[in-house]
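Student: Each chain is listed here by its residues.
2 protein chains.
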Amino acid sequence: MEDNRQRESIESLGEFGLIDYLTRQVKPAHSTTLKGIGDDAAVLNFSGQDIVVTTDLLTEGIHFNLMYVPLKHLGYKAVVVNLSDVYAMNATPAQITVSIAISKRFNLEAVEQLYEGIHMACAHYGVDLIGGDTTSSLTGLTISITAIGSATREELVYRSGARPNDLLCVTGDLGGAYMGLQLLERENQVFKVNPKATPQLDGYDYILQRQLRPEARKDIPELFRKLGIKPTSMIDISDGLSSEILHLCKNSGVGCHLYEEKIPYDEQTKAMALEFNMNPLVAALNGGEDYELLFTLPLADFDKIKNDPDITVIGHMTAKEEGAMLVATGGSLIPLVAQGWNHMGRG
Amino acid sequence: MEDNRQRESIESLGEFGLIDYLTRQVKPAHSTTLKGIGDDAAVLNFSGQDIVVTTDLLTEGIHFNLMYVPLKHLGYKAVVVNLSDVYAMNATPAQITVSIAISKRFNLEAVEQLYEGIHMACAHYGVDLIGGDTTSSLTGLTISITAIGSATREELVYRSGARPNDLLCVTGDLGGAYMGLQLLERENQVFKVNPKATPQLDGYDYILQRQLRPEARKDIPELFRKLGIKPTSMIDISDGLSSEILHLCKNSGVGCHLYEEKIPYDEQTKAMALEFNMNPLVAALNGGEDYELLFTLPLADFDKIKNDPDITVIGHMTAKEEGAMLVATGGSLIPLVAQGWNHMGRG
Chain A
898 MEDNRQRESI ESLGEFGLID YLTRQVKPAH STTLKGIGDD AAVLNFSGQD
948 IVVTTDLLTE GIHFNLMYVP LKHLGYKAVV VNLSDVYAMN ATPAQITVSI
998 AISKRFNLEA VEQLYEGIHM ACAHYGVDLI GGDTTSSLTG LTISITAIGS
1048 ATREELVYRS GARPNDLLCV TGDLGGAYMG LQLLERENQV FKVNPKATPQ
1098 LDGYDYILQR QLRPEARKDI PELFRKLGIK PTSMIDISDG LSSEILHLCK
1148 NSGVGCHLYE EKIPYDEQTK AMALEFNMNP LVAALNGGED YELLFTLPLA
1198 DFDKIKNDPD ITVIGHMTAK EEGAMLVATG GSLIPLVAQG WNHMGRG
Chain B
898 MEDNRQRESI ESLGEFGLID YLTRQVKPAH STTLKGIGDD AAVLNFSGQD
948 IVVTTDLLTE GIHFNLMYVP LKHLGYKAVV VNLSDVYAMN ATPAQITVSI
998 AISKRFNLEA VEQLYEGIHM ACAHYGVDLI GGDTTSSLTG LTISITAIGS
1048 ATREELVYRS GARPNDLLCV TGDLGGAYMG LQLLERENQV FKVNPKATPQ
1098 LDGYDYILQR QLRPEARKDI PELFRKLGIK PTSMIDISDG LSSEILHLCK
1148 NSGVGCHLYE EKIPYDEQTK AMALEFNMNP LVAALNGGED YELLFTLPLA
1198 DFDKIKNDPD ITVIGHMTAK EEGAMLVATG GSLIPLVAQG WNHMGRG
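So the sequences go chain by chain: A and B. Heads up, the first sequence is in our numbering, so the first residue is 898 and it goes up one at a time. Heads up, the second sequence is in our numbering, so the first residue is 898 and it goes up one at a time.
A hint or two may mislead.
[Stated by the list, open to error] Partial list, computed: chain A residues near chain B (C-beta under 10 Å):
| id | residue |
| --- | --- |
| 1 | Thr951 |
| 2 | Thr952 |
| 3 | Asp953 |
| 4 | Leu954 |
| 5 | Leu955 |
| 6 | Thr956 |
| 7 | His960 |
| 8 | Thr994 |
| 9 | Val995 |
| 10 | Thr1031 |
| 11 | Thr1032 |
| 12 | Leu1035 |
| 13 | Leu1196 |
| 14 | Asp1200 |
Just so you know, the hints here were simulated from the structure itself, not pulled from any lab data. On a predicted model such as this, the values are computed, not experimentally measured, just so you know. Here a beta-carbon is modelled for each residue, glycine too, at the ideal position from N, C-alpha and C.
Same shape as in the complex, but just chain A:
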């Protein structure tokens, strides 16, 4: 099965390309399928409310490093990652299934810690764990979670509804999870050289929490209802702002202008970036794992959100021909490219 030419082409397809490629012949045919592959979650109808289903598979050494990720946090995060996709549909999660494969390296206590985090997330987000599997693997830990939620037909928000002149908005702040990861990796390197060294993590609790124990934006669909608005398109930020904006543009058939100077950062993100001598813009655009919501709104809704501290307008959509562009602080236009977390990168 070794074939360098083939392997090269799997690499060049990347994570999103590969699944597109593999599922190119799939045509939803069942009468209950309203939306199959191509959004944050699939939408089904079993009369009455629409249900949404989303799934994620996390593997050790690729998505997480148990050298510095506590298993309890990992369990919590694995759930959050899935629920974030449900909120990105403007839906409410209701159930999850969890399957894990573990090698002999993991004892019962370790698996319990993992499930403790899973149970905590279920309690916090009000979802039921309704099934799953525990099985063996020859090496490492694998976690697969499927989340199911519901919404009325009118509430659902897809990636495909953005129109030129819509406002491009984001919740919270960006780049924190990536800078938290950089900090953890630096301290892990120090630890490898000197196991007696004390990790230098003081003052960075926020970015560490963003990386190790993120939350999904449960509050945002509720906020939308309160404000009486409905996004024209929405996606969660798991792979970096660039990649997510490109998804919205591609699915909606529009372009966009993203303003560098509008991107929201936490102070710790900026301070850590300074320490690493890097621009926090890189963390926001390509870092990923922020689990904030990125969405578009009709211009007419500006007054409804302009004073909300949790929402920042970071740009606007344009005609498709104008492309997806970063408007740099100096005013120059730079095409956005997807360089986010690519777990098919096989790096």
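For this one, chain A is given, so just place chain B on it according to the hints.
Tutor: Same frame as chain A, but now just chain B:
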């Protein structure tokens, strides 16, 4: 994380015990959850039809050996395994999600072969592939599938409804998948010693198909409707007849008498068992992977099924106090023990 005492206790819990243990605090709380952990599939209600959700995680070296399992067959089988759980609820599958993690060893052609089998199964069973993930792993192949189906409230069949005197019935024949696996493993050993040897597989097409490319019993829920019957309990046979009978007994609070002489075998299963100098009973009781349906019926329904070539009455349920017993051909009673495929066995 190494701790022999802890590892010992994870081993002693086994596959079913571990998930019971880990989820012991789970109490379905959401109003849409009718049935959480504890059956072949979870049951949700989003008004109108009830939906069922089931999930499986398959890992290389544990659930399959790519030395003799073609990837296309593996993809097909991975879907079938999940759909079998939906049919075991007397429900009709409608959608699946598929997530895979692959190491660098797999090229695009390999992944395509896997998906070809997945697509074939979707077409054959009339289900939509509605989502999933492709990601990297450090070693080996992992496949995670979630299946969703629906049924009316009245149609659903759980593991828990069997009553004393109910007939214990099984579809098709048993032990074939296990004997197919023995044959494949034997030829694989021969191949390791002499790569030029021609595999001796002639005349065993049926048991090879049972192992490599099994089908789920899509026809059985349809047959029940046609015959105007509804099982009092049902489960699919993935882990061996002993283990599945014990599930029905435990969940229904009954005992049973299983008659050795009634267990249906295909001629190839018997012939292969003879070649291996073993009793096909062992393959049926402990072999697993037959994906037939095991169910109980009120005695009054006997006339409706007695002439159906696809259904065999293999015993009857008893009071709980009588235990779950194999009635051996000589008439002696032997307690059934679960010795099926235990993927937490870590052997």
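Student: Hint by hint, say whether it matches the structure.
Tutor: Hint-by-hint comparison with the structure:
1. Thr951: holds, 6 Å
2. Thr952: Where the cut-off is 10 Å and the nearest Cβ of chain B is about 4 Å from threonine 952(A), the hint holds.
3. Asp953: holds, 6 Å
4. Leu954: Since the shortest Cβ distance to chain B is 4 Å, the answer is holds.
5. Leu955: At 8 Å from the nearest chain B Cβ, leucine 955(A) passes the 10 Å test, so the hint holds.
6. Thr956: Holds, about 5 Å.
7. His960: holds, 7 Å
8. Thr994: holds, 4 Å
9. Val995: holds, 8 Å
10. Thr1031: With a minimum Cβ separation of about 5 Å from chain B (threshold 10 Å), the hint on threonine 1031(A) holds.
11. Thr1032: Hint holds; threonine 1032(A) Cβ to chain B Cβ min 4 Å, cut 10 Å.
12. Leu1035: Hint on leucine 1035(A): holds, closest Cβ of chain B at ~4 Å, below 10 Å.
13. Leu1196: violated, 33 Å
14. Asp1200: Violated. Min distance 35 Å.
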